[in-house]
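Trainee: Those sequence lines, one after another, are chains A and B. Residue numbering for the first sequence follows numbering that gives the first Met the number 0, starting at 0 and increasing by one per position. Residue numbering for the second sequence follows numbering that gives the first Met the number 0, starting at 0 and increasing by one per position.
In short, the hints are calculated from the structure, not lab data. There are no misleading hints in this set.
Which stretches of chain B does chain A cover? Using the computed rule of at least three CB atoms under 8 Å from a CB of chain A, they are: (1) 31-44; (2) 68-78; (3) 87-93.
Don't be surprised by glycine CBs; every beta carbon is placed ideally from N, CA and C.
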Amino acid sequence: MLSPSFAANLAAALIAVPIMLPSLAGTSALLFRKRHRAVAAGISIGSCLLQIAVAVALLVRARHTGATPYAMGNWPAPFGIVLVLDRLSAWMLLLTAIVGFAVATHAALTRLDRKGWNFHPIFQFQLLGLNGAFLTGDLFNLFVFFEVLLIASYGLILHGQGARRLTSGVQYIVVNLTGSTLFLIALGLLYGVTGTLNMADMAARGAALPHGDRGLFEAAGYLLIAVFALKAALLPLHLWLPRAYASAAPPVAALFAIMTKVGAYSIIRTAPLIFGDHAQEFLLPASLATIALGFTGMLAARGLRDMTAFGLIGSTGTLLAAIALFRPEALAAALYYLPHTTIAAALLFLTVDLVVRWRGVEGDAIVPTPAFSGLALVAFLFLAGGVALAGLPPLSGFIGKLLILDAAIGAPLGGWIWGVILITSLIAVIALARAGSTVFWKRDPSPPIPADRAPPRLLEALPALFLLATLVALTAFAGPATRYAQSAAAQVFDQSAYRQAVLSNTTLIPPASRTGEAP
Amino acid sequence: MSMEFLIASAIGALTWAGIYLSLRGRTFPVVLGISMLSYAINLFLFAIGRLKVGAPPLYEEGLSNYTDPLPQALVLTAIVISFGMSALTVVLALRTFLETGTDQVDGEPDPAIDPLEGDRAEWIERRNAHRIDMIGEERL
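Turn these sequences into a full structure, and let the hints guide you.
Mentor: Here it is in structure tokens:
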């Protein structure tokens, strides 16, 4: 028989479940790395499904309440580490769970998880790092979760091995280790100046700093933004992404579509905290340049994977341009566009994987080939993914871009935002149409596919179709989704309520209910 | 004064060496450079708790002279993470060297030091023939 207070504590602890669930699933999947490997896949997919359910429950809860802190280890807020659930983090958790589910299923169906021993454990730890980064309310804890997700991503990016993957893996690791070093320097400076690592507490103390310390505080802020920009592949720091993502297994790259959004999320969280609203001076031009470079890079790509990687850079740039305005209506547009662009990029990467698997020796090269079976299905998926990535109607990318453009009216550099987004959309359409017509339309009359090739299993397209269905749902329910995005954006900008909620509202479990004894 | 100077110049020297080494072209200096950088960071994190000698790192009632224990906890975390990372990078660099025959970070062999193009395939094959599968992954 559950006592009411115990049940209430359990309900409060739901916030920690997105972190505990993948860590349990990851460790138990480790038991099945050599034998009964289907069980590991089952654990992994089941954990992703449960994460979707938990994320939906948290989202429903966050809709009606303010930021809800959960004190880990029952220590009060500025001293202990708190997890904070608000609308933004619930939104990111749901997105992570959906993309994670699609990629885990795809990997199991295409047997990518058999190309090494530890795919599912590493995959779950990757989700653990992502969920933790979205939930934590403490800057050093954010660093730790960044490391968790990076360590897992090193494993995933090398999954399947091969010389090319190893070389680009070393570069990816070196770049990210340097990023982690900068992160630590920034944290050190921030702690040295403010004497706290809790985000809410830091915002309060940062605002009250004496003038002399202000410069050090902002220098640390710039370093921190540089680290997050590195993760989000913002222009001068984007060089690592195309090669790393194009040489990773495409389903892994599909999951990594969300890694750039971790950078964007962290910028949303920390930039207003440190800079107020004048972070846009440097973020906005950089993101506009990123959009231009990303979408133009799609024209230059010779393989579908490179092209998708550049498209990911461009669409993340679009997202960052909206974030960099640091206005509630622009952030609301960005938060609607964020899941769209992540799912669109993931969908394209999964489709490219199907092309590589079903097409034969040409892999993902943008060259004409003989017809192969399953062509119509992948061509349809590529068309849908391309429409989504370029932001054309009827899918949600069009609504997202429209909202961003609408929010840019009257903003600084508003004309530039309009020009860059519209022109680059056209360039993206040209690049995608050219690649699509070469790969799926033009026929190479030379040798037909050898008859002994096994026909593709159409079942493998199910995860991609699932992602497409979520995009359609995001379009069909654009009304509720934009309303939620607006309320999430309003909550992000209401710093004082966040501070109040985290610092004075942390409900601790009284000692009596923990031990079951009278105090 | 002298201790502040010592710590600051140690951090500076380590950072200088770390940046120089991590910009080198081969993986081994890069690994060393990243380790140097992490040593610099560890010292730096110590220093953010202010330099104080002979004071306990805990607060007790009535105690007025104590040091901040939090940076030491942060350093501990940072050491563990950077140690694991260094080990991973070393294994990976070695694996890449064995697989591609060159330890250049960009994967392009340097003709001055690496086996020449024609010999490379044979060299890699010879390597692979009798190497111990270090990571222990199944070759598929």
